[in-house]
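Take the given structure of chain A and dock chains B and C to it, following the hints.
Protein chains in written order, with this note's numbering: chain A, 1 to 498; chain B, 1 to 134; chain C, 1 to 274.
Since the hints were made in silico from the structure, they are not lab data.
For each residue, glycine too, the CB sits at the ideal point set by N, CA and C.
Be aware that a few hints might be false.
Stated by the list, open to error - Now the stretches of chain B that chain A is said to cover, found in silico as 3 or more residues with beta-carbon under 8 angstroms: (1) 25-36; (2) 40-54; (3) 92-101; (4) 107-113.
What the hints assert, rightly or not - Derived pair list, reagent style DSBU-like, types lysine-lysine, alpha-carbon separation capped at 30 angstroms: (5) C:Lys44 to B:Lys67; (6) B:Lys31 to C:Lys2; (7) A:Lys99 to C:Lys193; (8) C:Lys44 to B:Lys36; (9) C:Lys89 to A:Lys357.
Unchecked claim - Only some residues are given here: those of chain C computed to face chain A with a beta carbon under 8 angstroms: (10) Leu16; (11) Thr76; (12) Phe88.
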Amino acid sequence: MNNYPAILIIAPLLGAFFAGLAVWIQERLAYPIALISLGLSTFASVNVLMAVIANGPVHYRMAGWAPPMGIEYRIDLLNAMVLVLVSSIAFLNLLASYKNVEQETHDRAASFYVAYLLFVVGLLGVVATGDLFNLYVLIEITSLTSYTLVALGDRDRGPLASLNYLFVGVIGASFYLLGVGYIYIITGSLNMVDVAGILPDLPGSSTVLVGFILCLLGVWIKMALFPLHVWLPNGYTYAPTAFSRVVAPLMTKVMVYVMIRLMITVFGLDYVFVKLHLSEAVVWLGTIAIVFGGVMALSQKNLKKMLTYIIICEIGYMVGGAWLGNELGMTGAILHIVNDALMTFALFLAVGNIVYKIKDVDYPNLSGLFGKMPWTMAGFVLAAFSIIGVPPTCGFFSKWYLILGAFEAGAYHFAAALLISSLICAVLFFKVFEICFFAPEGNGHSHDHSHGHGDQVIVMDEAPVASLVTLAIVSLALILVGVYSGTIVNTIILPFLR
Amino acid sequence: MTEIISLVVAKYNYWLYIILMMIGLYAMIAKNNLIKKLVGMNIFQTAIILFYVSTGYKTGATIPIIKNAHGGHGVEAAVIHAADYINPLPHVLMLTAIVVSVATFGVAMALCVRIYQRYQTLEEDELRMRLSEK
Amino acid sequence: MKLLGFIIVCLTGIFLLYGTSDLPDWGDPNSPASLHLSNHYIEKAVAETEVPNLVTAVLADYRGFDTMFETAVVFTAGLACFLLLRDFKPKQDRYYRHVPTGVVLHFKDKARQLRVGTEFESVDKDWVPSDMVIKTVCRILIPFIQIYALYVVAHGDFSPGGGFQGGVIFGSSFILLAISYNLKTLMKRVSEKFLGIFSAVGVLIYVGIGVIAMIMGGNFLDYSTLAPLVPVDPGHIRALGMLGVEIGVGIAVMAAMAIIYINIVSQGRHDEGL
Chain A
1 MNNYPAILII APLLGAFFAG LAVWIQERLA YPIALISLGL STFASVNVLM AVIANGPVHY
61 RMAGWAPPMG IEYRIDLLNA MVLVLVSSIA FLNLLASYKN VEQETHDRAA SFYVAYLLFV
121 VGLLGVVATG DLFNLYVLIE ITSLTSYTLV ALGDRDRGPL ASLNYLFVGV IGASFYLLGV
181 GYIYIITGSL NMVDVAGILP DLPGSSTVLV GFILCLLGVW IKMALFPLHV WLPNGYTYAP
241 TAFSRVVAPL MTKVMVYVMI RLMITVFGLD YVFVKLHLSE AVVWLGTIAI VFGGVMALSQ
301 KNLKKMLTYI IICEIGYMVG GAWLGNELGM TGAILHIVND ALMTFALFLA VGNIVYKIKD
361 VDYPNLSGLF GKMPWTMAGF VLAAFSIIGV PPTCGFFSKW YLILGAFEAG AYHFAAALLI
421 SSLICAVLFF KVFEICFFAP EGNGHSHDHS HGHGDQVIVM DEAPVASLVT LAIVSLALIL
481 VGVYSGTIVN TIILPFLR
Chain B
1 MTEIISLVVA KYNYWLYIIL MMIGLYAMIA KNNLIKKLVG MNIFQTAIIL FYVSTGYKTG
61 ATIPIIKNAH GGHGVEAAVI HAADYINPLP HVLMLTAIVV SVATFGVAMA LCVRIYQRYQ
121 TLEEDELRMR LSEK
Chain C
1 MKLLGFIIVC LTGIFLLYGT SDLPDWGDPN SPASLHLSNH YIEKAVAETE VPNLVTAVLA
61 DYRGFDTMFE TAVVFTAGLA CFLLLRDFKP KQDRYYRHVP TGVVLHFKDK ARQLRVGTEF
121 ESVDKDWVPS DMVIKTVCRI LIPFIQIYAL YVVAHGDFSP GGGFQGGVIF GSSFILLAIS
181 YNLKTLMKRV SEKFLGIFSA VGVLIYVGIG VIAMIMGGNF LDYSTLAPLV PVDPGHIRAL
241 GMLGVEIGVG IAVMAAMAII YINIVSQGRH DEGL
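If we strip away everything but chain A, and leave its shape as in the complex, we get (with noise of 0.2 angstroms):
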């Protein structure tokens, strides 16, 4: 069926629509509702990626008229691979997070469903438009939902984290249409292949310059690119669980998407390349995030805020890797979006568990959770060993291509980031793990359950079984990814690069 492309992101509309009714009549049918549109969502985002794949770039014309009249979705095989892991991550959120979510927000559950919702449509919309100005209205969908639902975690910090939040996305956002303006004003259009096709006639153009880097600085900001990733840290740490685990994985994913989609697709890697000179600063840029990234989280004492400085690390592997400027580089940053994301939805899966059985992740408080969550922990142990980057796990493969487009390039700096990284989430994941292997000393401080009198008998009191299936599920992913990164490799991101 060809309008697959349509429904996949009206199923989560439409379900954020009915949800929203359902507030008001018969709280009960959101959660059903939201499962529902998401799955849809999933089953026609890989009915999608199935057909991009037998037949190439698919077109969909909203409202019947051809681009550049009327806007076009364009989803080619990157595209398509994006949307797939965006709607299937939503999903099994979804499905994991209903707990947290009773728990957390208890009185306002429903309407928490309609924006997380709304949240997941701008992220499908972004990935999947073809449009420059349709991409703007669907970041600021995603921006207010995300700016909502940060506000409704912790009670005393979140208003104001995402007070923070909204400033700088404000920023960021209108960086972003102030470039799209600038281009609009000297080419006339708004769609991206059209642009592309009239921008080679305008070389040297100062007003082109000006408008890529508005745009490349609003993805950045958007992306939390050091140093414009003040708002990150925390904004993740007081959301509330469910959203953290969604926004974590895939907002700045999607923001590298559209800095790649403007590399690639609208600029052309001969202007990016050839004509600026830019990628050289870049990738000291992304050498300094990734260091950066990985000391402020040596030196945190919150395990969910030392995560969000992980993915501020990561962020530095994917710019740093885009802009390397060739195709070892470029590959490793788009398997990079994948990896990562089922990386630190792992991670923030497995937090969102010990966050709902001991409310508060100071390090202090870790003690004995090997004992009390086995599986939780299981899958922790599993995820961070992806981060650092241990074959057969997925993380290893994607920063195999980065080190090698690396030395190719000749941006040894890079390489050596690369594999300092390495051994710094090495030191601090394990010392993460030497807190919770060991019981406390002493009386039982800790324990909500147990019935220790002199010697810890530590009961197991594990999450509920929802999200323990859905970490075992994505688990299986990261290895499965892992064995199969070469067929993905050579299936999707090579064809699509050249």
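Below, chains B and C alone, put in the same frame as chain A:
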């Protein structure tokens, strides 16, 4: 020097709106009170909207509503000259941007109300002090 | 901080101004932005869609997909104010004023309630005697404002107007009622449930028209496939599709404006206002 003056005069709309944008951006970065930052955000976004709309202007053209088109079947006979009507596309895009800016302002206001209910102040340095005391 | 902000702002301003050196002059009819796409819109829009107002034609038909997400943004703003601020269990202070004498009674617990009628009226904490002139003038004006809003929505095809503009005017009539009387008067006439349902229904009308177009065999939001369903001249089907969509937008914007105002001004408690 004279070429800079003629440059400014020929493109004075861009200069005006960029200066307005920078005023808004300065307010967002440098002011202490959260409401003043919000006002700065509004100025910044409004200046971008005006920047876009000003690019659609054509000298001597009128608003983008086709004249005498509401007669029904006489429309196809009349030839429509593009130079008679200003460019409608920036107006359409900026309708969307205005709505987005209003929505963002509403959400930011709701957040400020929550912050005030919790901390009884809207000055950023006092908020930072309260947070570091905890 | 101020110095750093000033330096950043100056650098950004100079960077942006450097980019304008290639841009077309003010009012230039031959700029690329005015040639490529917009010529097609100006010359062909009436022939293809039968709507003289070019801005509405582009907004609701050519780029209708964008407008759908914009309406979703408005819905999100209303939802956000509700989610963030709504307080279902406010403190239960009540104030009653004895109308003949002007004595105000303050009840601190929620056990006692007075029956409100000709002797006692329930007032806000910051109650001031309401002005007879304001109340009367606003009461007369509000229906006319609402009719004007409906006119703006319906004539969006032929004169400046459309769904957003009409929806905001309609929403402002609700806000005028809340300002001139008090918030409780507005809440009695327009309940929270009504507003919540209508903001979702408005966007559902928009998406629903698009889905019907898809079911009838076209692409999403392709109005030309709706022709068999509507018993009028099929040449006008695009204009009618646009009208349906604009009505949905107007309803959603009206409800969202009222929700945002009510929640912010009463800090979520829905009892007192300005």
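Which earlier hints can't be squared with this structure? When the structure is compared with the hints, only number 8 turns out to be violated.
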